[in-house]
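Protein sequence lines correspond, in order, to chains U and R.
Following my numbering, the residues of the first sequence are numbered contiguously, the last one being 498.
Following my numbering, the residues of the second sequence are numbered contiguously, the last one being 498.
Hints are computed from structural coordinates only; laboratory data are not their basis.
Among the clues, some could well be false.
It does not matter which identical chain is used: a pair holds within one copy or between any two.
[Claimed, not checked] Heads up, simulated BS3-like pairs for lysine-lysine below, C-alpha to C-alpha not over 25 Å straight-line:
no. : residue 1 : residue 2
1   : K84       : K356
2   : K66       : K356
3   : K393      : K313
Number of protein chains: 2
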Amino acid sequence: MSKLGRPVNAISPTRSEDFPQWYQAVIAAGELADQSPVRGCMIIKPWGYAIWERIQRELDFRLREKGHENAYFPLFIPLSFLEKEAQHVEGFAKECAVVTHHRLEANGDGGLVPAGELEEPLVVRPTSETIIGAAFAKWIQSYRDLPLLINQWANVVRWEMRTRPFLRTAEFLWQEGHTAHATSEEAIAESEMILDLYRQFAEELLAIPVIAGRKPTAERFPGAVTTLTIEALLQDNKALQAGTSHFLGQNFALAQGIRFSDAAGAQQFAWTTSWGVSTRLIGALVMSHADDNGMVVPPRLAPVHVVILPVAKGDADPNVVLTHCERVASELRLCHFRGRPLEVKIDTRDSAPAAKFWSHVKRGTPIIVEIGSREADGDSVTYHVRDDEPRSKFSVARSHFVESVTDLLDGLQLRLLQRAQDRLSRGTVAVHSQAEFVARFEASAPGFVTCFAADTGSYQELLKQLGVTPRCIPTREVGRCIFTGATDSPLTFFAKAY
Amino acid sequence: MSKLGRPVNAISPTRSEDFPQWYQAVIAAGELADQSPVRGCMIIKPWGYAIWERIQRELDFRLREKGHENAYFPLFIPLSFLEKEAQHVEGFAKECAVVTHHRLEANGDGGLVPAGELEEPLVVRPTSETIIGAAFAKWIQSYRDLPLLINQWANVVRWEMRTRPFLRTAEFLWQEGHTAHATSEEAIAESEMILDLYRQFAEELLAIPVIAGRKPTAERFPGAVTTLTIEALLQDNKALQAGTSHFLGQNFALAQGIRFSDAAGAQQFAWTTSWGVSTRLIGALVMSHADDNGMVVPPRLAPVHVVILPVAKGDADPNVVLTHCERVASELRLCHFRGRPLEVKIDTRDSAPAAKFWSHVKRGTPIIVEIGSREADGDSVTYHVRDDEPRSKFSVARSHFVESVTDLLDGLQLRLLQRAQDRLSRGTVAVHSQAEFVARFEASAPGFVTCFAADTGSYQELLKQLGVTPRCIPTREVGRCIFTGATDSPLTFFAKAY
């Protein structure tokens with residue numbers, strides 16, 4: 001506590017004290033999510049959900065620009081569908097929620113028990129390749145129907161044993177793209193285009209720089225030929241897979257009969273892709289940008305850019321203050337930031353100004369404006385930008401603030417990206433021997449460790465001991481494997497990861 | 001078939017030949033939805049989903065304006081939660097999908113069986129009063145936290161035995177609003193405000209006039225004190241419940257402990273409401289506006305307002321035609337219709353112009369423009385408005401078309417509403433005796449039959465025989481019950497219904 005009796009930091013514990021607990025505290029204090037009574041499931045609170053809606057809006061626009069259309073497929077997948085692709089079902093069988101009954105009946109004891117057993121159990125979708133593939137098989141007849149470019153915004157369920165809000169939950173929200181193409185080349189190009197779109201989205205909107213590349217063989221999506229990934233490095237120097245794009249070859253087309261007649265009239269199997277990002281991105285935002293005072297929302301993603309707090313002290317006329325608040329708000333709302341009108345809220349809740357100020361700090365609103373009788377009389381505003389020290393507030397003329405507000409937002413967005421880029425650069429180190437590799441990972445915060453490594457899984461046992469996973473092969477660069485000595489081994493990024 | 005070998009109507013059977021089959025055919029031909037391999041679940045195809053997204057966008061805006069915030073709650077509801085409100089669980093127990101296992105394992109026979117039995121079964125949400133109520137109990141402490149106004153966009157599951165796309169499916173998409181208030185009056189006012197919002201939305205956007213009022217006692221939502229409803233009358237003169245708003249009294253607050261301390265510090269139970277509309281509205285659109293040539297999408301709801309077909313015949317230069325198409329499209333895109341820029345598509349698919357024309361008729365695109373070399377040379381367009389005869393096409397100067405396009409759209413929207421209003425007026429008849437009531441419902445297409453009827457359920461047995469339900473009590477008007485003779489019986493709307 002400071003001498004004034006106010007906590008020095010709004011979040012306890014701090015990052016350095018206990019990073020995992022700090023993460024939970026930021027989510028609670030920032031009103032992003034709440035625990036639910038359902039094992040492994042979370043409640044996404046209005047502020048967290050508004051951030052998700054911003055992610056949806058921006059990403060949806062970019063996907064449409066590339067010709068993708070949204071559709072909706074069933075939540076339930078018949079067990080027999082999942083069984084069609086052997087690797088796929090193998091990958092998901094251990095974490096499926098299974099519906100076996102379709103009603104409840106009294107157990108005679110005042111309670112209810114499942115009744116009406118289903119002939120075939122239904123799996124709550126962990127992902128939709130099989131059910132969407134079955135539809136594709138019906139919809140695609142001719143090469144004229146290709147490419148077929150479909151996206152779905154949906155909830156999915158994977159029964160995780162160890163959960164963490166946003167990063168790993170039994171139910172989560174995501175978009176899953178599914179496309180079919182006439183040639184292998186086109187499908188590969190699609191999967192690469194989407195990876196680049198995800199990379200740009202992460203950097204430009206989320207202010208999260210990422211390493212983009214392909215997953216080593218052992219880390220592929222079950223049923224994929226190639227899995228591409230974007231990997232972020234968080235403030236605790238752990239990596240996070242933030243989005244994936246899969247080239248599925250003809251695996252699902254063969255399993256489900258996705259066929260088309262080509263221009264010469266011959267029957268061919270299609271080539272498919274799938275790709276997705278999820279509410280996990282909100283976890284990535286917290287672990288990338290939040291600080292010991294709470295959440296920091298990048299301005300380009302913020303549901304609210306500026307919140308205005310009326311601060312009527314003593315015998316000040318609250319109406320005069322409120323009128324000035326409304327004038328500032330309406331002028332700000334005429335400004336545009338990155339293609340959309342500025343979102344401005346006046347917080348008229350019935351509680352103490354300091355409590356309100358701190359609540360918006362903890363939520364990560366980019367700019368907080370305070371207006372009292374001094375500001376009303378002087379036609380000025382007092383503002384705070386979220387990544388400054390909490391006590392740091394500037395008083396400027398109203399007109400000056402309105403003119404410069406988009407620069408303030410751009411500045412914050414840029415600083416967040418630069419800090420994350422600096423962290424990524426500092427946190428990425430090349431090693432040239434197995435001993436050096438091991439030494440790095442015995443340190444507490446190693447970040448990304450890069451080296452040449454044969455993609456044969458020979459390092460699996462060592463990695464298991466170290467709690468490390470291979471994250472990504474970003475380039476075509478090859479060299480001598482530090483584990484096996486094999487030449488032509490790809491440059492690989494390793495990290496401890498979520 | 002006509003002499004030209006083209007079907008006289010694009011949809012077979014027609015409405016008069018077989019209304020239920022016509023409905024299915026419109027949905028298939030209009031690419032609104034597809035059957036799925038999962039019992040009772042449908043696939044919402046891109047065009048159908050785009051209409052749903054328009055419904056979401058417009059309704060979401062109106063709900064936000066009234067102060068509601070979106071959030072997201074778990075898909076799964078523990079059985080014990082559902083059991084807390086006796087009427088509620090009674091109402092949903094017979095149609096619940098129940099998750100009992102959390103993984104699959106090999107059965108030794110090459111197949112998979114459910115494994116990992118859950119200690120407590122989870123119900124896939126049929127509605128979320130119980131799980132959201134539990135969160136409200138946690139979030140609400142003081143009168144300052146009220147009203148709490150939450151909305152959720154989600155999928156829900158009700159295991160229906162007889163399903164019909166959009167109107168009744170095992171899984172459907174909806175919004176569910178849940179609010180808590182300090183007083184009974186405020187909660188009642190909320191439920192009434194929402195009903196009026198739904199009514200306006202149906203009339204202004206969907207062009208569907210409705211009867212708004214309260215449900216008779218026996219038709220209430222399980223757990224509600226009062227259920228308000230909007231009821232549409234479809235082209236087969238059957239009624240459809242298109243949206244409901246429930247005043248829940250303190251039933252759920254008592255069951256779940258939603259308490260607050262009032263201004264005097266005393267503990268009180270809150271008063272709650274819930275309300276929703278679903279993808280059923282798309283079924284209502286089809287059954288209200290579609291004709292024997294397919295879907296008709298009201299312009300204010302249309303994902304695409306104008307589709308342009310390049311028609312390059314014989315030795316016409318396709319580039320000249322396409323250039324004219326693009327000029328028309330870009331001028332149209334500068335127009336605004338009801339607050340949003342006109343959505344214009346150029347259909348360059350590689351298929352015959354006539355096939356393309358008919359595909360857009362069947363999808364219900366409001367205006368179809370054809371541009372060939374004659375239009376390119378003459379700086380004109382040829383257009384068709386969806387509710388005209390299919391052969392009816394007008395050629396006008398480009399500039400004239402661009403100037404009048406929003407009037408054409410307004411005209412179509414208005415005609416759809418007027419036709420539906422006429423049908424509702426013609427289809428609503430008052431009766432004054434039980435004999436007259438029975439005679440009406442023995443006719444094939446009775447529409448709404450109105451009469452005074454005691455809200456005691458005394459008419460239930462008769463209605464069951466006739467296949468009729470009481471739909472709505474829209475006013476405070478009372479009179480002598482035609483079934484029991486009881487005075488002060490409310491004026492009630494009856495109909496055969498979906």
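Please flag the earlier hints that this structure goes against, numbers listed from lowest up.
When the structure is compared with the hints, only number 1 turns out to be violated.
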